[in-house]
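Given chain A, work out where chain B should sit, using these hints.
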Amino acid sequence: MTRYAYYPGCSLEGTAKEYDVSTRLSCQDMGVELEELEGWTCCGASSGHNTSYDLALALPARNLRLAVEQGYEAVVAPCAMCYARFRHTLHDLRDEQLRARINGFLDKPFVGEVQVHSLVDLFSEDPKLALLRERKTRDLAGLRPVAYYGCLLVRPPEVLEPDDVEYPTMLDKIVQACGATLVDWPMKTECCGGSLAISRTDIALELTRRLLADAVGRGANALITACPMCHSNLDTRQAQINRQYGTAFHLPILYFTQLVGLAMGRGIKELYLDRHLTDTRPLLAQVGIE
Amino acid sequence: MTSDTLHLALGERPLARLIQEQVRVDVRACYQCGRCTAGCPVAYAMDAGPHQIMRGLQLEQHDWVFSRNTYWICASCITCTTRCPCEVDIARVMDGLRELALAEGIRPAAPTVKTFHRVFLDLIRLTGRMYEAGLIGLFNVRSRKLFANLDLGLPMVTHGKIDPWPRRYRGQDEVERIFRRVAQEGKK
Numbered sequence: 701m702t703r704y705a706y707y708p709g710c711s712l713e714g715t716a717k718e719y720d721v722s723t724r725l726s727c728q729d730m731g732v733e734l735e736e737l738e739g740w741t742c743c744g745a746s747s748g749h750n751t752s753y754d755l756a757l758a759l760p761a762r763n764l765r766l767a768v769e770q771g772y773e774a775v776v777a778p779c780a781m782c783y784a785r786f787r788h789t790l791h792d793l794r795d796e797q798l799r800a801r802i803n804g805f806l807d808k809p810f811v812g813e814v815q816v817h818s819l820v821d822l823f824s825e826d827p828k829l830a831l832l833r834e835r836k837t838r839d840l841a842g843l844r845p846v847a848y849y850g851c852l853l854v855r856p857p858e859v860l861e862p863d864d865v866e867y868p869t870m871l872d873k874i875v876q877a878c879g880a881t882l883v884d885w886p887m888k889t890e891c892c893g894g895s896l897a898i899s900r901t902d903i904a905l906e907l908t909r910r911l912l913a914d915a916v917g918r919g920a921n922a923l924i925t926a927c928p929m930c931h932s933n934l935d936t937r938q939a940q941i942n943r944q945y946g947t948a949f950h951l952p953i954l955y956f957t958q959l960v961g962l963a964m965g966r967g968i969k970e971l972y973l974d975r976h977l978t979d980t981r982p983l984l985a986q987v988g989i990e
Numbered sequence: 159m160t161s162d163t164l165h166l167a168l169g170e171r172p173l174a175r176l177i178q179e180q181v182r183v184d185v186r187a188c189y190q191c192g193r194c195t196a197g198c199p200v201a202y203a204m205d206a207g208p209h210q211i212m213r214g215l216q217l218e219q220h221d222w223v224f225s226r227n228t229y230w231i232c233a234s235c236i237t238c239t240t241r242c243p244c245e246v247d248i249a250r251v252m253d254g255l256r257e258l259a260l261a262e263g264i265r266p267a268a269p270t271v272k273t274f275h276r277v278f279l280d281l282i283r284l285t286g287r288m289y290e291a292g293l294i295g296l297f298n299v300r301s302r303k304l305f306a307n308l309d310l311g312l313p314m315v316t317h318g319k320i321d322p323w324p325r326r327y328r329g330q331d332e333v334e335r336i337f338r339r340v341a342q343e344g345k346k
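Residue numbers (the working numbering), protein chains in the order written: chain A, 701 to 990; chain B, 159 to 346.
Derived by calculation from the structure, the hints in this document are not laboratory data.
Glycine included, every Cβ here is placed at the ideal spot set by N, Cα and C.
Be a bit skeptical, because a hint or two may be false.
[Unchecked claim] Now the in silico label distances, taken between C-beta atoms and shown as ranges:
| hint | chain 1 | residue 1 | chain 2 | residue 2 | range |
| --- | --- | --- | --- | --- | --- |
| 1 | A | G739 | B | D321 | 14 to 20 Å |
| 2 | A | D864 | B | G263 | 39 to 45 Å |
| 3 | A | K808 | B | E170 | 41 to 47 Å |
| 4 | B | A167 | A | E773 | 43 to 49 Å |
| 5 | A | Y945 | B | D280 | 31 to 37 Å |
| 6 | B | R182 | A | Q876 | 37 to 43 Å |
Extracted from the complex, chain A is given alone in its bound form (with noise of 0.2 Å):
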């Protein structure tokens, strides 16, 4: 079985302790040995590489080094933010010139191979898959989610390699495999806003509103999602987007790794699905699971 060094991610210790819990359980369940990287360090996220192309590439370099030198072959970054920034760093430093000049800023070189996993691209792929599907207890069929992806999980399709840039279905294929009935959505790659949600909220609040309000429309009822700041923004913020334009969302935002837990019969307080601000109980108790 191939070790696999975990790198949560700042979101994941924080806001989005969910998703940590989640991944940890669903990782258990599914046949992959998960060991968190040991001193690992903040990837610069947005603000890295919206100011420094730099830092943006240094930052994720130094925690990709640590992996080396730990003796992974592969990484874990569940949160869409981490894996983006990790896979750009892969990308851009196969110019050597490039590496030569980020590893001057590092105190010991990044050298060697390693590759980085988002987690939804193991589980959407057999053997994976086909073990979601073999091991799933219970029946989510009274679930509609809509599979959202956002931006971070695609573009840039030369540096993300999704099955399909514009209509992606990794994760379409997952909610699928854990018997929920997935609601097809032609808004599934769009931008909540995550980047602006602290400093421009008001574009984050009208983004997010369009997406809820499509889903909504469609008739999903849970939205599923692989992004710890496209949850923050959909679920922490309906209430304010309420409040603003006079609307009544409720929809239950889960991440992917909740919902496969949920398949292998997992309960909601072990998965953090107590934890959301939309309350995800009324749903869950709707399909029998209290």
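What follows is chain B alone, placed relative to chain A:
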């Protein structure tokens, strides 16, 4: 046919050359189809669409380009780059314009965005990892929006989403050195 036979040489275009050298994007490749702006989720709030920024760069309109809010409120969704028929990395240009504006000390047309990035990077330089409660608190102080997002504060705490105290993480010392070395390189 080389691109120089189609367009003016970069030597006559200092702004286009700056973008080419610093950002590694040739803005002359844009033929103004407008697909970037059509797909941009934030275009409605911009005072110039991404294709207009590309045109401004082609026409050497330095002050006009840098005084737009476009590159500050760009959400980095990378839809523009993905759909560009000329393979111009427009999102990378937006990153590059921000970096150049910061280096040149240009006043941002969307000041809260600059404040946010500063606070974010200061915090990871000091602790090694992002401290989310500190991010919101410090942002509110520095942007003089003391009560922004306070309605989210209590539910965040009761739902166990916010760590009450920051801490310094192992590896912070190297992170701080990375920041210092990058800043020194930028001064060259």
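| field | Violations among the numbered hints | value | Result: no hint breaks.
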